[in-house]
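Enquirer: Chains as they are written, first to last, in this note's numbering: chain Y, 1 to 762; chain P, 1 to 762.
For the record, the hints were derived by calculation from the structure and aren't laboratory data. Computed from a predicted model, the values in this text were never measured in an experiment.
A pair holds if it fits inside one copy or across any two, identical chains being indistinguishable in the list.
Here are the simulated DSBU-like pairs of lysine-lysine, each with C-alpha atoms no more than 30 Å apart in a straight line: (1) Lys-77 with Lys-384; (2) Lys-487 with Lys-604; (3) Lys-179 with Lys-226; (4) Lys-487 with Lys-732.
Number of protein chains: 2
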Amino acid sequence: MRLACSPPLVVFFVLGAAAAVAAETPPEKLIGFTPERAAAERRLEQGFDAALDPAELKEWMRRLSARPHHIGSPYGKDNAEFLAGLFRGWGFDTRIEEFRVLFPTPKMRGLEMVAPTVFRAALAEPPLKEDPTSGQTAEQLPVYNAYSIDGDVTGELVYVNYGVPRDYDELDRHGIDVKGKVVLARYGGSWRGIKPKVAAEHGAIGCLIYSDPRDDGFFQGDVYPKGPYRNDTGAQRGSVADMPLYPGDPLTPGVGATPEVAHGVDLSRAKTLTKIPVMPISYGDALPLLNALGGAVAPESWRGALPVTYHLGPGPTRVHLKLAFDWRLVPAYDVIARLAGSERPDEWVIRGNHHDAWVNGAEDPISGLVALLAEAKAVGALHKAGWTPKRTIVYAAWDGEEPGLLGSTEWAEAHDAELRKKAVAYVNSDSNGRGFLQVSGSHTLERFINQVARDVPDPETAVSVAERLRARRLVRGDDDDAREVRKEERKELRERPDLRIGALGSGSDYTPFLQHLGIASLSIGFGGENGNGIYHSIYDSFAHYTRFNDPKFEYGVALARVGGRTVLRLAEADVAPFEFTAFADTLGRYVEEVSRLATDMREKSEEDNRLLRDRTLVLAADPQQTYVPPEARQAVPYVNFAPLQNALERVQQSARAFDRARTAREGRPLSPEAQKALDVILMSAEQALTRPEGLPVRPWFRHQVYAPGFYTGYGVKTLPGVREALEQRDWKRAEEQAVVEARTLEAFAAQIDKATAVIEEG
Amino acid sequence: MRLACSPPLVVFFVLGAAAAVAAETPPEKLIGFTPERAAAERRLEQGFDAALDPAELKEWMRRLSARPHHIGSPYGKDNAEFLAGLFRGWGFDTRIEEFRVLFPTPKMRGLEMVAPTVFRAALAEPPLKEDPTSGQTAEQLPVYNAYSIDGDVTGELVYVNYGVPRDYDELDRHGIDVKGKVVLARYGGSWRGIKPKVAAEHGAIGCLIYSDPRDDGFFQGDVYPKGPYRNDTGAQRGSVADMPLYPGDPLTPGVGATPEVAHGVDLSRAKTLTKIPVMPISYGDALPLLNALGGAVAPESWRGALPVTYHLGPGPTRVHLKLAFDWRLVPAYDVIARLAGSERPDEWVIRGNHHDAWVNGAEDPISGLVALLAEAKAVGALHKAGWTPKRTIVYAAWDGEEPGLLGSTEWAEAHDAELRKKAVAYVNSDSNGRGFLQVSGSHTLERFINQVARDVPDPETAVSVAERLRARRLVRGDDDDAREVRKEERKELRERPDLRIGALGSGSDYTPFLQHLGIASLSIGFGGENGNGIYHSIYDSFAHYTRFNDPKFEYGVALARVGGRTVLRLAEADVAPFEFTAFADTLGRYVEEVSRLATDMREKSEEDNRLLRDRTLVLAADPQQTYVPPEARQAVPYVNFAPLQNALERVQQSARAFDRARTAREGRPLSPEAQKALDVILMSAEQALTRPEGLPVRPWFRHQVYAPGFYTGYGVKTLPGVREALEQRDWKRAEEQAVVEARTLEAFAAQIDKATAVIEEG
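Pulled out of the complex, with its shape left as it was, chain Y reads as follows:
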């Protein structure tokens, strides 16, 4: 780093919005702890930190990523056993739990362009001499999308951009129908499984997904092996199951697929398989297809970085896609390591990261897993030195996350009742990298995780990871057009003591815990400075990671510090460190958002209809291009949000009352019995945000505040019942869901009130 300014201040504990506080400032009070117990906790954390050694993280990564280790692979099993051995060695009560899950692998993959010229797609990533493990071809899974159905289709190609619903609206304006066609979508803009789902809804017969270099390739930076970015042969494997319906084994939704439960493969029961065959390809393979495509020129925002004029088709490019899979049940090996709590053994703090990869997976998932291992080793060492946590700590290394959160989901389903009774929180990590703290999760833990983030120094700057993230948010995306919005954002970033955390959609193993079981969850990691162009490819290797990502494993250690503090504080707190005002504040934003969504949709529908009615749309179009005006929009009625607004008010009042009661109680600790009673209420508060009936259309998803979008996949939809009903223009359902969600929120408020009563009485 070349800097024309003074050297950085060394600041470890930065409180609130203060930009620089000297190290002698008294440490912040810890939520859930008395001052004395907080001091002990901080001493414990010093011991924890001292046990972290980046060299170990590196060696574990070397070991775990040495060979391909997807679910069902020999090395995957070997890794599970290696991990179990480590946990055992560190003093954990460890077992490997096995499930039997559907995991198809390719028997036949063929893609060729049959017109206007003939081209056979390579569908292969060649070994590179700079990357030793890339040559392990015998053990590598080929490039494919798991849970694509078998198929043999031939059709004209249509380019559909990211392949999300609004892209098909745009195609409609061009008079293009994908019925009977094969669509070519680029990665990005949604979770990949959305693309074939939406394509099939529109009548397509096949789906290709390629990595455009605009989003994932040379446009971003130098390509591998010169730089970290995706080269023209790199392709992204990945699941395309309809996970917004339910994740986990497609054959056993809601049920843990233990060896006893598992039976034959009846694909008709697998509701999450795609409806059409799907195949991922590299941009090298996509180039000839796009180059030959005719029809209208694609809208500007659809164009990628390949050196062609992007056309929409259909044709003259015709492709023949042939896919056949081996539909097998394979064993999933979850490694579960327990350290029983001394005082509250039936309260579990669960910390997980998956261990399976698509190929060697040094970054995904090993970079996160080695931080978890470091945490577990240090916790084990503290235990060996005589300390035992108040609550039980569970470390989990999940198998089969890649195809569909298989290991975590089956485990959560298998232990459903027990987890709902005992789990305090679930803390997830996955890939990790150099840069900025990334944290999302239950807002009942927002204040708690901010305290953690303020106590962990950033390796590169020595301010706390919270302060560095604050700096990033203050500087990021400075855009004149949105100046007023940015002014408000900056004001809040400077004045609000806590940084806001994101809500969880899906994409990693927190989903079954948070959204199926209602266990408060957090997702933690670092990133934003490491170039990444090897996601789900054979080049996600030890060689790549240690050249381009976090070569010194200092962000691995930083993640271990964040994860370790999170687990230790959750395990050690006198009272589980939940808090409700941040949730109530965030909920207020969500209620405001859905109500504004209805208003915006109403105004937009009126405006769109007006532009249609007075022929403005047609007059503004080029008559030499095909332009099909949209259908007139149904008017958006006024939806009754009052139940939601009243429920919000109730939650806000309850949150403030809880806060007041807790503050009033400071210096007068609760009795141990009252603490225990309070814990039980707090632990299950998040469950009050769920309904056994789940969300409309997808009962597996029970959380009423956070869900992955039915048409986004990764992307969260908050207050999903109301929000998705609005988005789908189902006004009746929106109004019904407002009532349903309001009732849920009121039950949640009642739960908070119970906690408040315990404090006041205990």
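Starting from the structure of chain Y, add chain P where the hints point.
Expert: Frame of chain Y; chain P shown alone:
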């Protein structure tokens, strides 16, 4: 056109915001005409329209673009004589006025990459069999930038994006200095002459300008000859003289370079030559240079569409650029055709378009010129049939526009005093194409030109060209982020009877008339639907134009209808059709803009300084990348805009009073003497907006409201004295200029008051 809707209504006269008015609606009153005279005028225009024949436009284009016809070329002279013959044949008093101007052409052009590999740039556009005139290599000017100095430089390359001042700020953040380097800039983002000017200010020794396919090539659409867009050999010739200082012959600023005035070539007197050698190249020639470039990856918005990772450099790419020119005086032949006015021969309405091209120039400038010819022929026919205009009409075909508005500027300078006395208005066109009306100019003519636009039907839709433009503006750029702004814009578009017209910066022949002489000017044309990738290349040909632009010449005829009505109404009105409330309204926006500019700069400086002071900028940066924080910004003082605001108020009052007086006078026409007196005042009103001293640093530019930006070139700066002082952070000058501009505006208001007095008294 495939449309899923009812056939278009036939609407010729559309009044105000009404979307569809039946043809029997009484015609709109015409500004400057009594109702009876307006009816006669409209009958005259019917006769005018009937004389327009698209086949003639096509044949004139074929003739005029048949061979290369740049200034000084044999065919350029031939064209001038041909044009003069046409005008004479149509009954105009026609002469060719000759000037002697500096026009360098290349003797030596060499560009090679000397490291890290060797590559010699082709610097040539090959003939194409699909384009017959592209093979006329003996007469073509090669690819070059006129008024680049001679030079022989070798240096490391730095990529500077568009090469505008803020791009160098960004390079500063990366610690990159262009001193002693050759810069590679892409076309776009400013007028091309700004790029070498700014590069030289920063110490660069040479400048290459290439056409990136993102802005001008395959990213936009299929390339020539398959489609209309620029192919990998196409390059953009063009002037790089410092025209924001003064346009016209570099040797004779302010003086008409008649053969008597012209003497030897003393380049030390040519203040507008570049300081460093400059060369335009194709993207085919740029690709190897960019591909070899190292250093940091360019910011995302800097990256083009070439299939490389865009790096900033400097080096390892080193280039050797060698340029030598033949610095000659050449003759410029302006064709000037007059039809003397019957009642007011000393009031001139001037209509111009240039005739010189860079090569064959079918689009630029012949597509505009053939519309002007059609107008002149039709006017001549009306005259032959017995009609004579009230005022004198002057048609002008300018030479030497391409190198630097040479013909128009020298003519305007040579006839300075006469023009300031006699000119009513100047109406310019240049390239023309299929699509939407494009009109900019003096806001004293905004209402007038809107009336014209409402009376001309759009060829493709049969609503008026005004209504079609309104539709375009209503639909264009619908962006959620700016929704509130768009709401206001749409409201205005629907409710304000007149469409706003843009202000004129520079880029065509109106500049000497408007900005040097203070003659109210308009620029008219059509475009927006034709793909254009042949600008200033050998492929700007009859073959290209008639395939991709306006094959039926229906927009050529539409331009003739607009231009013809504009000229005829200006020539025939009882009183020159100026109006001041639209100007006052627009001026209010400009005053508001400059005052908000100061506020925004103040807030941004404070915010930037805060982010610097509290180390946020450094904390948000990646320590593994070079990041040099900016210098602290000088605080922005409060600038006294009160003089401007008071002057604005005065102009607004005067404008309203003029309007009231005129309305009160309806039905009681002024005496012929009063009309004449009023005309003289109105004609010179725009001159009241000029100062003989001109703008700071550039006295040639006398207009105090409209000027091309000193650092934009084409782009207008309104209230340039104040605005550019603010932009250059010269607070003292900003305050002085506010007083200067206020005084000018008050003189303008006084001029309006004089006109009002004539109406009230006459």
